[in-house]
Each structure stands twice: as C-alpha cells, then as structure tokens.
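> One letter stands for each residue in the lines below.
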Amino acid sequence: MAQPAEAIKKQSYDGVDDLVVVKNLKKYFPITGGVFSRIVGFVKAVDDVSFTIKPGETLGMVGESGCGKTTTGRVLLRLLEATEGSVEFEGKDIFSLDREDMRRVRRDMQIVFQDPYASLNPRMTVGDIIGEPLEIHRVAKGKEKDDRVRGLLETVGLRGMHARRYPHEFSGGQRQRIGVARALALNPKLIVCDEPVSALDVSIQSQVLNLLEDLQQEFDLTYLFIAHDLSVVRHISDRVAVMYLGQLVELAEQDELYENPAHPYTQALLSAIPIADPEIQRTRKRIVLEGDVPSPSNPPSGCHFRTRCQHAMPKCAEEKPPWQDIGDEHYVACWLHEE
Amino acid sequence: MSEEVLVNVENLRTFFYTEDGEVPAVDGVSFHINRGETLGVVGESGCGKSVTSLSIMRLIPDPPGKILKGSSITFEGEELLTKSDSDMRKIRGNDISMIFQEPMTSLNPVYTVGDQIMEAIELHQGLSEKEARKQAIEMLNLVGIPSPEQRIDEYPHQLSGGMRQRIMIAMALSCNPRMLIADEPTTALDVTIQAQILELMKRLKDELGMAIMLITHDLGVIAEMAERVVVMYAGKIVEEGTVFDVFADPMHPYTEGLINSIPRLDGAKGERLHVIEGVVPNPLAMPQGCYFNPRCPYAMDVCLEEQPDLIEDEGGRKVACWLHSKDRSGVA
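So the sequences go chain by chain: C and X. Taking the working numbering, the leading residue of the first sequence gets 1, the next gets one more, and so forth. Taking the working numbering, the leading residue of the second sequence gets 1, the next gets one more, and so forth.
Mixed in with the good hints, there may be bad ones.
Derived list of chain X stretches under chain C, where covered just means 3 residues or more per stretch with a C-beta under 8 Å from a C-beta of chain C [claimed, not checked]:
hint	segment
1	88-95
2	126-140
3	189-198
Reference excerpt, derived from the structure (chain X facing chain C, CB under 10 Å, subset only) [what the hints assert, rightly or not]:
hint	residue
4	Gln116
5	Pro146
6	Pro148
7	Arg264
8	Ala299
Since the hints were made in silico from the structure, they are not lab data. Note that CB positions come from ideal geometry on N, CA and C, so glycine has one too.
In isolation and in its complexed conformation, chain C is listed as follows (with noise of 0.2 Å):
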C-alpha cells in the first residue's frame, strides 16, 4: 500500500501494465465416491488458463454451462482456492497474500453476482447490506457511512430513503443495482461481474447495462465480466475470451473476434445465436454442434473440443494446441492455426 500505483504497475509482468495476470490457473474439484469416500477422480472445472485484464477495459468471458467461467472469476478473487497457478493484482501474487494482506486487496476487487434474489440477504436493510463492506473495511461508520449508503444508491438509480427498506421490497433490476452498489461501496479497481443480467428481464437488462458502462466511466473501474450471452458481451466488452470445458479457446479485441472468429468453437456459438430480425436470421447459415458437452471429469484428450469438431483431425486427439498469437494479440488454441 506504501508504493504508489504507478510503481506497481511498472514492475508488473513482461512490464505490460495489466491490472490482472493470471498464469496457468488450474481448480479442480475432487470427486469422492466409495464407502470410505476416497477421492475417485477430479472435476477439472478450470484447467490451465491464462489471460491478462488490462486497467480500464472489460473483458468478457463467454462460454456455455459448465465451461468454468464463474470458478475462473471465484477462483481470481479468491473466493476460492487455486489448485495450482497464480493470479497477480497490480503486480502482487494474491495466492501468496496472508489474511491480513489479502483483506486489504479485497477492497480493490469486488463481484456482481448472477442472482439478485439470492445474493442480498433477507433480514438486513438495503442500508446495512451496502454498508456492511464499509464498516468491515473501517472505511465509515455512524452518519458518514449512512451518507455514503444514500450517495451509493443514488449513484446507482435508486434513491437514499430505500436505504431502510428490505431487498424483498425491490424488483430483480432494483436488487441487482443493490449488489452493484454494495461492489462500489468500496471504492474498488476491479469488479468481476457474474452473469449480472441474465437474470432479468429484456428492457430491465438493457438499464442495468448502462448503469455498468456509466459506473466504468465515472470510476474508472475494470470489470471481468462473466456471461452466457454472447451479444450482451459484445455489447460491454473491450476484448472477449471464450472457454470451452476449463480452457480457453480464443481471445481477442471483440470486433475482431465476432467478425473473424478462428476457432471452430467460437464460430459455431456465434452461428447458434438468434439474431432478433427475421430478415437476416432466416437466411444465416448456422453451424450446429452435435451432442452435448463431454464431462469435465473425464475430457477428451488433446484437444477438447475434438468430440464435436466437424474439422477434427488425428492430430487433436494426441496433443492439445498450444495458444497462439494469429496477429494483433488475438489468441486462438486450435491446430488449424498452427503455422
């Protein structure tokens, strides 16, 4: 905390200023069967993932259930334990911090969470649900965290006299801009936004987005935003990373990914998706997966995707491919692209 921002971010990794390096992040979830519940196998819900935040942008991170995105982004704050690899903030190893230390980098990366019914707890007024964070971080206390719980709901399109009332006394959008103050509460330089929308309404969804984007400007503030979505996520993103079974398949700047998309994965999800306007909806051609997404316990070897590939060669099933730049840092496993 000594240093300033500006000499962390210097020493940071390959000396790129990135807020966030995650190398090689592996969590993998043990399986326990048997009388004696022995450990039986592993769920690998992310496996070897690397990628970097840049400060002030957001980056999306799409893939269907069960990809891992959400581990990935609890597994970044540790919200969860790693299995193995690392995560760096401002250039520090986070999974090295101790409590005290980790306590103190908890204020500057908070979470959104997916579901606005579940994640506000009932028996607490909206006041002390957002002002909780202040008072376990000895930010504000008494009248000045009361001030700053009304400026916060007025900064997220609510007002300060709802500060008294109970999270049930709100609609889904309501209650989602309440988790999103409680994140802003602190000030924070990273928020990981968990499929902040997917649970609301269109016309709900589309305020909540903006309020998102009006916050990012306001506060500088670089999101790690987590959906299933994939035209939401182009609408918020800088660059976008797609996952498939624990892994990354590509990342890229997100026009270039929508427009160019190179792994089969990636060009298949996009081709999946409805286009809301019958004119260009009836005459795309849309490439359809067969089957469904193998097990993360037991993954294709080599490449994952391979099982549902229409361009799967021999090669796939011996070695995974390694992530590639194919040009202006756009990232892509695939061994079609290899050179």
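Using the hints, position chain X against chain C.
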C-alpha cells in the same frame, strides 16, 4: 388449408383471486392460430403469456385462478371451456400438447424416460405395452436421441438438459398432436443446445404439419421460428402482425422499446442501449388508461385516461395504441 383457423381465443380473461386482491393475469385477449402455423408470443415475465397457454390447456389451478365468463377458446371449432374434465384429458396430449421451460422438473425422476413416454401412448392410443415401447423408441429416434434402445431405460438424471428437452418433445409429440404449445422451450438451455432444439422443432413441424404456439421472451428465437407474432404487456395484447412486419416496423412503443433494448450480436460496443424506463406495473394496482403509459415516451393525455382497443389496420396488423388510432375517441 394453411389459412384454416385451428385455435381461436376470444376475449380470454383469466384472473387470480389472492389474499391481496384480484390479479387480472390475462385481461381480454383475442387471437387465433392457423393450422400448421407457428405463432410467437412475446413479453416479459408476468405479462400473462404462460397463463394464456395454461388457459388453453385448461390447466389453471382453480382456486385461486378462474377463467371468467364471456371468455371463449375453440379448437377446431369446438369450445374448450365448457368441456368436461374427462373430455379435456383426451384433448390434452392427443390434440394439444405442451412442453415447458424446465426439462428437469417436468420429468418424473423415479420413472425411466421410456415409462413416461409409454404412459401417454398407452393412455391415449390404447396400445399394448410392447407396441407402445416400439413407438416410444421411434419417437426418441425422431427427436434425434442416439441409441434410443438403450436411452429408453434410463432415468432423467442420467441425461443432459438438451436430451431431457428432447424427451419432453418426444413425449409431447407421441400422439401426433395438431398443436404444440412450447413455453420457453429453450430458455434453460445453452445456445448450442438451443440451436439443436430449434432445428428439431422446425423439422418436426414440417414433417408432422402441426401448429406451434411458441412462448418466449427471446426475440431472436421469435425472429427465427415464428410466422406471426403476438406481443403481450400486462395481461393484454398490444401488437400483432407477421414477424417481418413487426420486427421491421414495430407500431407499439413497447414493441419498439423491446426490440431496441436488446444488444445486437452485429452491433458495436459503446453504443448506448435503448431503455424502457421503469418497471412492469403491479397487477394489483394497474395504472389508469393504457397500462404502458407510465413507461411510454410518447404518452399523451388520452393515454392516461382511456385504454386503447386493439385495432386492425388495412394491412391486417393490429395494435393497441392511441398513436395509431385515427379516431382518438376510442371508437375504431
């Protein structure tokens, strides 16, 4: 043949009587579905789209729900609302089938999928167990389940979400219904699986020639599947037309807002999303006049006082909005 009306809903009013008061979940809804056609029903949660479909199936729990007098739902010209329970049971599954959003909760976890499909076939078609099993395997094959002879003896938990939805469709189609009501059939599924199910529904519709009432909040799915679309808001139809007309030129401010508020896959970052201000009104305290007026950017004096009727224009499009009413006194 294709223009023949299969289902006609006339002034449907389904209310729920709760401790807090009367909830007009569906309030004076009229529309029809032609033979072999896909009708899309769009709207946000609570707009009454699911209650409409449950009313057609006569599956509204009574109490607290009630379909009010003066409502009419006909299927091939026959009134469904006066049918006895046992007649209705024959129609469900045989003539009109339904699939739901949640493939996990709609299947019984303690029976094999085969048992559940065969039950419908035995009940409705009076086939023996052996014949029913054969037909069930055929149905599984039809909906694209690999190795159906093995899958038929599996339990729902052994199948993935996409597979379960295929089972639901197989079950719904096992008696060759003339109409399928699909209530958010792909909402719980991932996009690549959704694509599989939508392709399947299109193929089956062509092969079996059934009509589909497709209820969803996803305008993309409507754009892909539906021929005509009905837009609902707060228990009423606000707009109806062919899918091309409605998407190209939405007439009701709510439809316009809905279409503009979704981020587009082919759109750019940074462009601001259109927002429909405010929230859906509380059904216990509906606003005076047009139900959409508190959120409507074009609201006029008349909108605050009187409800607009659903009026058909020369092109066959219908809209309930004072902006499009030539005679603002409310008489079309």
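> With reference to the structure, classify each hint as holding or not holding.
Verification of the hints:
no., hint, verdict
1, 88-95, "violated (count 0)"
2, 126-140, "violated (count 0)"
3, 189-198, "holds (count 8)"
4, Gln116, "violated, 20 Å"
5, Pro146, "holds, 8 Å"
6, Pro148, "violated, 15 Å"
7, Arg264, "holds, 6 Å"
8, Ala299, "violated, 16 Å"
In this structure, the hints that do not hold are numbers 1, 2, 4, 6, 8, in rising order.
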